[in-house]
Every structure is written in C-alpha cells, then in structure tokens.
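**Student:** Next come the chains, spelled out residue by residue.
Number of protein chains: 4
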Amino acid sequence: MEHVNIALLGMGRIGKIHFKNITQRFPRASVVAVADPQLDEAQFASQYGQGARFFRNPEEAIGHPQVNAVLICTPTSSHADLVEKAATAGKAIFCEKPLDLSLERTAALVDRTGETGVKLMLGFNRRFDPDFMQARQSVAAGKIGEVHIVKITSRDPGLPPIDYIKNSGGLFMDMAIHDFDMARYISGKKVVEVYAKGLVRHDPAVADAGDIDTALTTLVFEDGTCAVIDNSRKAVYGYDQRLEVFGSNGMIQVENNQHHRNIISDAAGIHHALPLDFFMDRYEKSYLKEIELFIDALLHNKEMPVSGSDGLQATLIATAAKLSMQKGEPVKLAGIEAGILESI
Amino acid sequence: MEHVNIALLGMGRIGKIHFKNITQRFPRASVVAVADPQLDEAQFASQYGQGARFFRNPEEAIGHPQVNAVLICTPTSSHADLVEKAATAGKAIFCEKPLDLSLERTAALVDRTGETGVKLMLGFNRRFDPDFMQARQSVAAGKIGEVHIVKITSRDPGLPPIDYIKNSGGLFMDMAIHDFDMARYISGKKVVEVYAKGLVRHDPAVADAGDIDTALTTLVFEDGTCAVIDNSRKAVYGYDQRLEVFGSNGMIQVENNQHHRNIISDAAGIHHALPLDFFMDRYEKSYLKEIELFIDALLHNKEMPVSGSDGLQATLIATAAKLSMQKGEPVKLAGIEAGILESI
Amino acid sequence: MEHVNIALLGMGRIGKIHFKNITQRFPRASVVAVADPQLDEAQFASQYGQGARFFRNPEEAIGHPQVNAVLICTPTSSHADLVEKAATAGKAIFCEKPLDLSLERTAALVDRTGETGVKLMLGFNRRFDPDFMQARQSVAAGKIGEVHIVKITSRDPGLPPIDYIKNSGGLFMDMAIHDFDMARYISGKKVVEVYAKGLVRHDPAVADAGDIDTALTTLVFEDGTCAVIDNSRKAVYGYDQRLEVFGSNGMIQVENNQHHRNIISDAAGIHHALPLDFFMDRYEKSYLKEIELFIDALLHNKEMPVSGSDGLQATLIATAAKLSMQKGEPVKLAGIEAGILESI
Amino acid sequence: MEHVNIALLGMGRIGKIHFKNITQRFPRASVVAVADPQLDEAQFASQYGQGARFFRNPEEAIGHPQVNAVLICTPTSSHADLVEKAATAGKAIFCEKPLDLSLERTAALVDRTGETGVKLMLGFNRRFDPDFMQARQSVAAGKIGEVHIVKITSRDPGLPPIDYIKNSGGLFMDMAIHDFDMARYISGKKVVEVYAKGLVRHDPAVADAGDIDTALTTLVFEDGTCAVIDNSRKAVYGYDQRLEVFGSNGMIQVENNQHHRNIISDAAGIHHALPLDFFMDRYEKSYLKEIELFIDALLHNKEMPVSGSDGLQATLIATAAKLSMQKGEPVKLAGIEAGILESI
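Residue numbers (the numbering used here), protein chains in the order written: chain W, 1 to 344; chain C, 1 to 344; chain Z, 1 to 344; chain S, 1 to 344.
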C-alpha cells in the first residue's frame, strides 16, 4: 500500500481520538470517509472540516472506492457485521476490542478474515502503552530470565453506569479482557486454564444487572507457570494499572502514571499525586501508537501487531473465566475450544 | 504472673535471638533454664554466662520448679511432644511455628492445651513486624474501608539445602504458612477455600525431594473476597516480602526493607539498594516484639496475640493448598475440618 | 483581538515546535507569516504546506498587514532588533529568552515596549511545565505556609558545542537564567542580592571559551530568605531538573520526568529509568502551554504571564551572578540597577 | 590495649545510650566507672546495677586506676576541662561534639592532646550512620567520579527550648556543625571559604536569644568546588536529614529514614510515612557504630575515625559561618586560622 485511505466508522470518544491522531500525525494516511449515524453531513463538516466524505451508513463508507482500510469504533454489538462487510470488501481492518461478545461468532470472524486474506488488527491498545511495551521488550530480551509469575492489577476509578454494565458482556469480557491479553503479551505464553472468582462489593445494582465488580483470576500457562489478575470497578484513588513480572533472574514492575511529580511533605505525611484517572489520559500514547503500527503494517506489508487470533484467545479466556466463576472450579481452554469447533 | 521465668528449649539461630532479647530487654522476664542436646554445661556457661541452669534434656528444663513459661525453639519434629509436656506440666508455652506438620496432631495439641488451660502462643513472627503491624492497624481502623483484595508477595532469596526441603513439610507448610497466617491477620477474615498451583522452576532436585519451589495460592474468605499469595524459593534480588490490601476506600501497600537509603544515578540508570536478604535481619524487630507481647500477656493475664487456633488454621490452609495442588481443584476447608474431627 | 494572526520568525528547533502547536491546537490562532533566511519559499511550502506566507526577511513578515502578533524564535543576537521593530509596528510580541545578552539593551527594550503599549511575553517556558505550575499553585495556595528556602537543581545532560558556548553569553545568562526566573516565579519574591561561585570541571575548552560549566548561586530575596541553584553542564544520568521549596508548614519537591515507569530488580540492585535527557522532550508540554497562554492573553486582553520586566529581572540576576563570581563577593541588584538607569 | 575500661562521664540522654551499648555489645570493653553529679550511688546502682563504680565527681572517675578510656557526655561547657584532665591523665578520650564553643580553646585542646599523645575521638556520630557511611564509601570508591557539588539538607523537627538556644553557641556551632563535618567527610576535601546567610523565621524569641533558626551556607573546597547546606530548626514533617553528592560520573542521594514502609492510597492522594523525628531514633545505629569504632581503634591501635583536628575544622567553619553572616560577605578560613595561631 502506498497510502492508507481510511474509513472511520463511529465518531464516539475513541473514534475522535483516532481521527485527530491520523489527520495530524501520519503523512502517509488519511481519513477519506467517516460514518456515524448520530451526526449529519453539516455537523460533521462544521466540527471536522471538509477533508473526509461523510456517511450516515457505515456500509457506504466501507464501500467508498478510495478506501483501503476500515477503522471500526462503533458500539460492540455492530463490530462483527462490520468486520464481515469490510473483509468481504477486501479492506484492511482495525477493530476496537472485542470482535464480538460471543465466542462462536468471534471464532467465525477470525476464520472469515483468514479466508479473505485481509489484514485485521484488534485494538488491544494497552500493548502499545510505552511502559508496558518497555516491560515486554525487557522480558523478551531476557532481562529477568524465564518468566515464573505474572501479576496484573487492573482497577477502574469508578463504577460505570448500570446501563453500560448491562450491555458490556460482563466484567471479564468488558474489562478483564484487556488484562487477559496483557498476560499473554507480556509473558509470550499460551494460556491453557483459568480459575476465576468474582463478586459484588460496590453496588448491589451490579448484581441485579447480572454482573460482578470485583474479581480475581488465575491463568495457567502451558508451561505450568501462572498469572494472577485482580480487578475492581472502583479504586477510590484512581485508575490503577500496574504490572509485575517475576522471573528466574529478576523482576520488572510497571508503576502507575501520576497526575504530576510534586511531593508534598507536611505534618500529616508525605503525599504523592494520584494516578491518572481517565483511561483516555492514561492511555493517550497507546492510542496513537497502535494506529501508527497499524498504518506501518499496511504500508510495509508487515504482520499485524495484534491479530484476530489474539482477539479470539482473549475472548476465550474471558469466556472460561465466567464459566469458572459460575462452576466454582478451574476451566481448561482446550475443552472450550473443542466445543466451539463443533458448534461452527 | 509477677515475673516470667523461662525455659528456653533449643539454642539454634532463633533460640539465640530469643535468649539475647530476653536477657537484655525485659526486666520482668528471665531465662532460668536452657536445654540443648548439642551443647554441654561448660560450653553453655562460657558462651552465655551463668544466669541460667543448663540441661541437655528439654524435659528437665520444662520440669525445673522455677520455670513458669517454656519457649520451644527446637526442630519442628519435636514441637508436638514438647508442647504436650509443657501443657501437662502447666507451663505457659511459646512455640515456633508450626506446632506439627500433621494436621491431626496439630488439632489434638490445640485441644490438649485448651483442656489444660495453659496459655499458648505460636511464633508467627511476621505479625509483629512493625510495617505489617502498622498495616493491620490501618485496616482495623477502617482507613481503607472494607477489605476487597489481599495480595501477598513472599519470595525467599535462595533455595534452601535439599536436605532441609526434604524435612520441611513442603513449601506450603514450611514457607507459605507464614503468608496464610498473614492473610488471616491482615484481613481479620476466616478462610473457607483454597486453590493452589505449584511447580518447580529453579532446580529439579526440588522435584526429586517431592516439593515445589514456585506457587500461587488463592484463599477465599468467608465473605467471598479473596487473597492471593505468590511464593518463590529464589528471588535473585533478595528476600521479597510485600503486601497489598485493597479496600472500598483505598489501598495499603507494605514495601520491602532495603539495605540502605542511597540512590545512585549514573549513565546506566537510577539504582536503589536491594531488600534485606536474610530473614533474621528482615524480621529482627518482629522477633523482639513477639517475645515482648508473650511476656506482656503472661504478666498481665491477657489473651495471647497468636493462639493455638491460629496455628491450626494456618496448618489447615497449608494442608488444603497441598491437596488443591495435587487434585487440580479448589478445596474447601470445611471438608478437611470434618475429616479431622472424625480422625481424632 | 478576535483571532491571533502570527508571524513566526525563525524555523529552528523551537520555531518548528511553535508552528506545529499553533497550527494543530488553537482554532483562534493562525500562523499567517513565516520568516527564515535559511529556507526558500518552495522548501517552506513543501515542508509546511501553503497555510502561511513565507518571507526570507523577518521585517516583511512583521509588516504583513494581517499579522497582529510576532513570535521571535531567531538567534539571540537578533532578538532586540526584532522586538523593537515589532513594538514599533504595534504588534504583540512573544520572544524566546533572553531579550538580549546586554542588561542595558534589555532594560531599554522593556522601556520601549512599555512606551508603545504592545503586549510582550518572554519565553521562560519552564514556568509552564505542568509539574512546576502545580508547585507554584501549591505555594501560592499556602499549602506549605511561608517560603523559607528554595532549592533548584538544574543540570544539562551534556556539554554543548564550544562554539555554542562562545556565543551563549555564558552559563549564567544562557542556562541559569531559567533557574533565576524559576526562583522568582516559585517563591513570588523579589531577588535583592546574588552570590555565585563558578568553575570548570568537565572540559578545559570551556575555560578557554571564557565560560564555566559548574556553578552554585545563592539568591537573597527581599525578606532575607534564600534560594540556592546548582548548575552543571553535564549530568551523566541525564537532564536533571528538580525543585524543592521548604516552608513554615511543609515542603514541596518536584521530581524528574523519567523515560518510563519500569523498575527492574536484579541481583545488582533495583533500577529505575533515567530522566528524559532532551530538553524538548522534557519540556514538551511547557512549549505548548506557554503559547496557549500567550494566545489566551491576546484574545481576552489579559496580562501576559511572563512580562518584559520578568525578563529584565532574570537578566539582572544573571549579570549580578557573573559579577559576583568575578569579584568573589555578594552583589546587590540595587547597585546594578542604579548603574543601568544611569547608562540608558 | 587488651580491654577497654571506660569511665563514662555524664548519664544524660547520650550517656545512657553509650552505657547500654557498651555493656550489651562489646565483650572487650567495659564501663568501669561512671560520674554524674545529678545521681547518687544508690540511684545509679538501682538503675544500672553494680557493674561500675559510681562517682559524683568526674575527675575521680577519670583518675580511677583501672580506667584507660574516658567518654565525655557532659554538658558542652565542661568538655574542654575534662578533655584536658583526661589527656593529662594519659587516658584515651571520646568526646561528644563540640570540644568547646571557643575556637581558640578548641585549637589549644587539639594541641594539648597532640602533645600528650592520647588518642582523641570526636563524637560526630552522623559519619557512622549506615546510609551516610555507604555514601562515603561509594564516593571514595569513585562510583560517581570526581565530586563537583555537595548538597546537605539538615532540618530539625522543632525549635528547641529558648534556654537551650541561649547556651548552644548558636545554630552554626550547635546544629550546622554536624553538617560542616559531613561536607568534609563525604567529599574528602578541605574547606577554605564560607559564605552564610541566616535569619529568624519561626519565633522572634530566637532572635531575642541572639540566634537564628534558618540558614543557608556555602562552603568552598580547596579545589573550588562547593557544598551548600540548608538548615532549619523546624520542619513540620519531621527530622529531615538528606544528602546529595553530584560528580563527574553520577550522583548519590541519601534519603530519609521513615517511620514505616506503609503507603496508603486514598481519594486524597498517595501517602507515605514521615521521617523519624527524634534524633536518637534516627541515629540509633550511628551511636552504636561510633563506639564500636572507638573501641576497635583502641584495641588495635588504629587511627581514630574522627580526630581532634576534624573537630577543630568543623568549629573553624562554624566560626567562619557566623562571621560571614554578620559581615555579609564570604570569609576565608585561612584568615581565621592565622588569627588563632597568633592568639594561642
């Protein structure tokens, strides 16, 4: 590809970020088409200028002849259909996670994109956070030897609205899925078994919505080593995103990003700033980096840094976690995979 | 009790520390008798002076008429017999952990001391580390609200000799048992279920000895919240003893004790000192504090800060952890307890 | 002003940053003219597009009728002339520090812009670093009470080329001048006396060029409290920019920005990342913020956040520091000011 | 010397610490005599046992035939006389700082002990703090190359009683003298010039007592490099004792000792513990170490780790600091030394 001509589907929070990043930063990529059913052409033009054709219908944007890549930033429920349409149209695809809440559909999509040969990248943006990338590079370079234990702390700064929760697919599929992907990414290992505990501690309305707000998940890798992930929907001190990898020759810890680097000492204590509490601030650089690498992979015909298969694995783990929680026992991924293969 | 007259059994590493601490620090306590089969009277006198009667046979020390409290610092295999003898003799007991490697024997000892009414304290010294005590006080004072997640990191600085491992009762009973007790102590909650994974990563000789060197254990408390403990026999950067308690209103983290507070910045990085790597340095203050509180409880007829029941619970969790690892599934403590009640 | 139409003079490192920031971030500001004698119109258009008129001669850009504000990013030696021309043309001015290396000329420029009534802002960008702004806000809000001691650490990551040093005005005027301004900014106090020591430790060529590479400067404020600033041209561990303010009710410390938040523990120590070592990375946000505030002051007719008088004071301190170093004794600013008033 | 038989003069706070340390820790040293005019024999025996002869008169303790070393822990005003008496009696001397408030008398004492050939150690205990020793070793080992800048922060946790201040010799002689010695110790360099600023910020009563409570002192070493020391009598957050050494190959920072290693994160911030705020806690280990090295130097006929000459240099700097503050200009030590030589 000489130049990446993008159809951006969905101008919500994430869509806007991608729009701004692409138009400002990448000379060899352009947003040529935008689709969003909640805007009209005039509104779009007044807010974003005349650089891109506007459509209400995403299919038309996908079908725009100039377009050679599609960015799917629409609500989760529409991801699968749009991926299929883009794949059928032979356009490269960047899709926000997850491909779909259903494991079967996810597996089918990965198969489908494989058949069409279109490139597909999943937006597991945390892989592209500079601190986590640095940690992965150190692990891959052998700086701590063989990985023995992975510990991931992932806590949101506050409960999302209950309506959001109802349509989210649940904590494992909506929130912990990032951490499941991170465990695979940081260790470079395949997950074979999941044991998850989940409960409601913050608000009974979460239980009424059929979800949990606190979880502890153990992932067992194929070599028998483990990762443990703890999740909470509400850390009063902010968005808590830390990582620890322990190995035969040392340990890597990734600390939080704080609001500032001022330390105040007074009669009550020594006080540091809280972590950044909004995910778009915390992961500002990762949203830019993932698009940079997507564009780069298209321009230079490289492998996508997060594949459809990565998305499928994360969804599989999330499915297993929910099942494990419900059954109260560890669940092997092999069993679930077999089940899917039969069902599709 | 007006004055605590102690028979100290076993003058190994820990016995020596207790001897020194008691003779130097507590005006209302004395070591009046010492027993150690590996010393003779002359050796003892030359090293420790004439302040205490020396015996080779611990029973004679227990029976010494002046003695009203017994400190058991002998090898684990002798703990149970000595506890029974001291209890029968009506002497107060401080016993290094564990009471016994067998759960049944442990339960019987707790019953037995209960019947005799003698005071019994278990040497879970980490509860008396100033940093962990501070954390417990903060939790108990409600500084972080309700406890949702407990995370304990407990890694030794190096593999013990294989001979030690063979007689240790295994990683869960020998090493993680401290962490199991810590999880109960710091949360103030009862453990009801255990899920443990264990494996050998450092030396195949550990496997040959029937043990593991790396473990990850999930404890489920009665309210459904969890603790997770990760253990390794070998952290190349030293003795890693950290704690994190996450609650509805905040988080407490306990950091390692480092060798010094010098930070060196050079062209390669910013370098801090390693953690203290010998347990007797790391827990120097906790060995003193536990004896202070034992003596204090005797002088003022208070409840012991670590009871026989605490010892039994920790042993129960260790037993369950081993069982869980072997069976590959979570184990409920209730089932094991029932089994014990039948067997004794 | 309804819209800020900027003539940007000088497209070196800083000019490029301002160009990018203004064109991407501020809807109510535009770069309408650019001047740089080292480019030609075709080069400019190919690199920066057609949005702005290009001139080789800065006077023509200043004189462009649409222009209502001038950004001076040219070499220091041209600042004074360009400021005078812009002032005479009645255009608002943003000038990179310093106005001039000569104290007399600086004083005259401040007078001149005062007479013309044009707004003038000096580019002491560090005032707009988020961490230093946060510290200033805390001081101003009284969080540490009355300020008693200010300590500024300011060390470059490496010696600049000797040719640069020769034309720099010397360490005090070129490098420490930022810190002199910071001491005034952070404390909100007037400096009345300076005592400076300076020497060459890194390279004798610095001495040959008539400069120093290491300095320690004490500033005395009007209330008798002090600031101390230590400078070095070469910190092997990177760009060291820290601050400490001690007051009657506490202390504020501003720590360095590090390359990443990974901590590696291995057998040799616990290793953190080095500080950002390039000033344009370290102060990336401050370059954006200063322009934002310049534009904002023009749009809403506010006072400039750094005035010509601030520039004069910093230059005065730098002049006094050099004099103090040469004479080996403290120098009062009042004496120098008197001298200037006579000379102009 | 085969065994160090000590006469301990003064059983105040420091005397008690030395008594306890010597009696508990050093098999080759004993306190054989104690003198304190505020105790009587019965009181002493009831509190400290029968191990040492008690005297009200320190001269009798010095003269006790068994005594071969004298520890002077009496009020400052008596130091000089007791040092002279011990020197005349040919007994080794450990004297708490300072030898005397008068520079002339100090110089004379150093001469006098030199003539008698008795070993004399000054109690600059901070040199023996493990963290500062570690820093000194790193500097001496060349870990940061050549030393360019030394920064010492030394702030007390609160104003001492005004009566104490009146007899203290003033902030420079009483408090900063430790830091002056530290600057010499850590750098291994000779001080040649002093520039000091001092003022009262906490309590006008300090001014009425003829003293200051806040100071900033620049020391110039013989090679032209500098140290800067900032002092305050009152840091509301506790006892602040930090150090930074910047050199051609890096930097060493010594951080404070904190009360504990708990970090609490809540909605208001991330809170660490305050520094230890009582000097006897903060420097607990240094009081032990200095006596260990004093005894060791006597047993093995080594050079004393802090000599009378070190004491004289620190007093000289303190004298120069006061003079500099009064005159408002830098003061060269050479001038003062010449003055003393004439006067004695």
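I should point out that these hints are in silico values taken from the structure, not numbers from a laboratory. Any given hint could turn out to be false.
Same chains, same names: a pair is fine if it fits in one copy or spans any two.
As the list claims (entries may be wrong) - In silico BS3-like links for lysine-lysine, alpha-carbon gap of 25 Å or less:
{"no.": "1", "residue 1": "Lys-189", "residue 2": "Lys-85"}
{"no.": "2", "residue 1": "Lys-16", "residue 2": "Lys-285"}
{"no.": "3", "residue 1": "Lys-327", "residue 2": "Lys-285"}
{"no.": "4", "residue 1": "Lys-327", "residue 2": "Lys-190"}
{"no.": "5", "residue 1": "Lys-166", "residue 2": "Lys-285"}
{"no.": "6", "residue 1": "Lys-189", "residue 2": "Lys-234"}
{"no.": "7", "residue 1": "Lys-234", "residue 2": "Lys-143"}
{"no.": "8", "residue 1": "Lys-289", "residue 2": "Lys-166"}
{"no.": "9", "residue 1": "Lys-20", "residue 2": "Lys-289"}
{"no.": "10", "residue 1": "Lys-20", "residue 2": "Lys-285"}
{"no.": "11", "residue 1": "Lys-189", "residue 2": "Lys-289"}
{"no.": "12", "residue 1": "Lys-289", "residue 2": "Lys-16"}
{"no.": "13", "residue 1": "Lys-302", "residue 2": "Lys-285"}
{"no.": "14", "residue 1": "Lys-189", "residue 2": "Lys-166"}
{"no.": "15", "residue 1": "Lys-285", "residue 2": "Lys-332"}
{"no.": "16", "residue 1": "Lys-234", "residue 2": "Lys-20"}
{"no.": "17", "residue 1": "Lys-190", "residue 2": "Lys-143"}
{"no.": "18", "residue 1": "Lys-332", "residue 2": "Lys-20"}
{"no.": "19", "residue 1": "Lys-85", "residue 2": "Lys-143"}
{"no.": "20", "residue 1": "Lys-302", "residue 2": "Lys-289"}
{"no.": "21", "residue 1": "Lys-190", "residue 2": "Lys-16"}
{"no.": "22", "residue 1": "Lys-85", "residue 2": "Lys-285"}
{"no.": "23", "residue 1": "Lys-16", "residue 2": "Lys-85"}
{"no.": "24", "residue 1": "Lys-332", "residue 2": "Lys-16"}
**Student:** Reference check for the pair Lys-85 and Lys-143, CA-CA at most 25 Å: within, between, both, or neither?
**Tutor:** The answer is neither: 44 Å in one copy and 53 Å across copies each exceed 25 Å.
**Student:** From the Cα coordinates, with 25 Å as the cut-off, is the pair Lys-190 and Lys-143 best called within, between, both, or neither?
**Tutor:** Only inside one copy: Lys-190 and Lys-143 sit 20 Å apart there, 40 Å across copies, limit 25 Å.
**Student:** Tell me, please, which holds for Lys-16 and Lys-85 at an alpha-carbon limit of 25 Å: within, between, both or neither?
**Tutor:** within (22 Å within a copy, 42 Å between copies)
**Student:** Within, between, both or neither: how does the pair Lys-327, Lys-285 come out at a Cα-Cα threshold of 25 Å?
**Tutor:** Neither. Shortest intra-copy (39 Å) and inter-copy (45 Å) distances fail the 25 Å Cα cut-off.
**Student:** Is the C-alpha distance from Lys-327 to Lys-190 at most 25 Å within one copy, between copies, in both cases, or in neither?
**Tutor:** both (23 Å within a copy, 22 Å between copies)
**Student:** 25 Å Cα cut-off: does Lys-189 pair with Lys-85 within a copy, between copies, both or neither?
**Tutor:** Neither. Shortest intra-copy (32 Å) and inter-copy (53 Å) distances fail the 25 Å Cα cut-off.
**Student:** Pop the pair Lys-20 and Lys-289 into one bin, within, between, both or neither, using alpha-carbon distances up to 25 Å.
**Tutor:** both (13 Å within a copy, 19 Å between copies)
**Student:** When no copy is named, should Lys-190 and Lys-16 be tagged within, between, both, or neither for a Cα gap of at most 25 Å?
**Tutor:** neither (34 Å within a copy, 46 Å between copies)
**Student:** If the cut is 25 Å between Cα atoms, do Lys-289 and Lys-166 qualify within a copy, between copies, both or neither?
**Tutor:** Answer is neither: 31 Å inside a copy and 41 Å across each miss the 25 Å cutoff.
**Student:** Please work out whether the CA atoms of Lys-302 and Lys-285 approach to 25 Å or closer within one copy, between two copies, in both situations, or in neither?
**Tutor:** Result: close within a single copy only, 22 Å intra versus 33 Å inter.
**Student:** Checking an output row: Lys-189 and Lys-289, CA cutoff 25 Å. Within, between, both or neither?
**Tutor:** So Lys-189 and Lys-289 pass the 25 Å test inside one copy only (23 Å; across, 43 Å).
**Student:** Is it within, between, both or neither when you check Lys-166 against Lys-285 at 25 Å Cα-Cα?
**Tutor:** Neither way: Lys-166 and Lys-285 sit 29 Å apart in one copy and 39 Å across, limit 25 Å.
The structure shown violates the earlier hints numbered 1, 3, 5, 8, 14, 15, 16, 18, 19, 21, 22, 24.
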